[in-house]
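Let the sequences and hints guide you as you build the complete structure.
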Amino acid sequence: MGIDAKTDMKGVDLTEAAAKRIVQILKDEPGKMGLRVSVEGGGCSGFSYKFDLVESRNDDDSIIEKDGATVLIDELSLVYMGGSVIDFVDDLIGQSFQIRNPNAVASCGCGTSFSI
0 MGIDAKTDMK GVDLTEAAAK RIVQILKDEP GKMGLRVSVE GGGCSGFSYK FDLVESRNDD
60 DSIIEKDGAT VLIDELSLVY MGGSVIDFVD DLIGQSFQIR NPNAVASCGC GTSFSI
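At position 42 of the sequence shown the residue is numbered 41 (numbering that gives the first Met the number 0), and the sequence of numbers has no breaks.
Just so you know, not all the hints are guaranteed correct.
[Unchecked claim] Listed next, the in silico DSSO-like pairs over lysine-lysine satisfying Cα-Cα at most 27 Å (straight line):
1. K26 with K49
2. K31 with K65
3. K26 with K65
4. K65 with K49
5. K65 with K19
6. K49 with K19
7. K19 with K31
In case anyone wonders, no lab produced these hints; they're calculated from the structure.
Have a look at this one:
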């Protein structure tokens, strides 16, 4: 039973709450097929996560599919996100996608920036 390298997310997982929220968001976004999560240089801790709704996948994307939701992560970002869990949190502070990344040695208060 071989696993395609493009679909083997190296331990990146999506919670049920995140999947439900992605499906909800995409219902109101005609033409969008999924949520792209990427890692960029910058932010108060060195790297930051970026979230975008996209219309198509790129050749180097890995894909997470769960409960009708699709998340795309490019090859370079995946290097920094191996073992992570993408979650959606709705609490007193507000609603947001959050990434629990075991590779991060520090993160900022906003939860979108980290260092390795």
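(request) Report the numbers of all earlier hints that the structure fails to satisfy, in ascending order. (result) none
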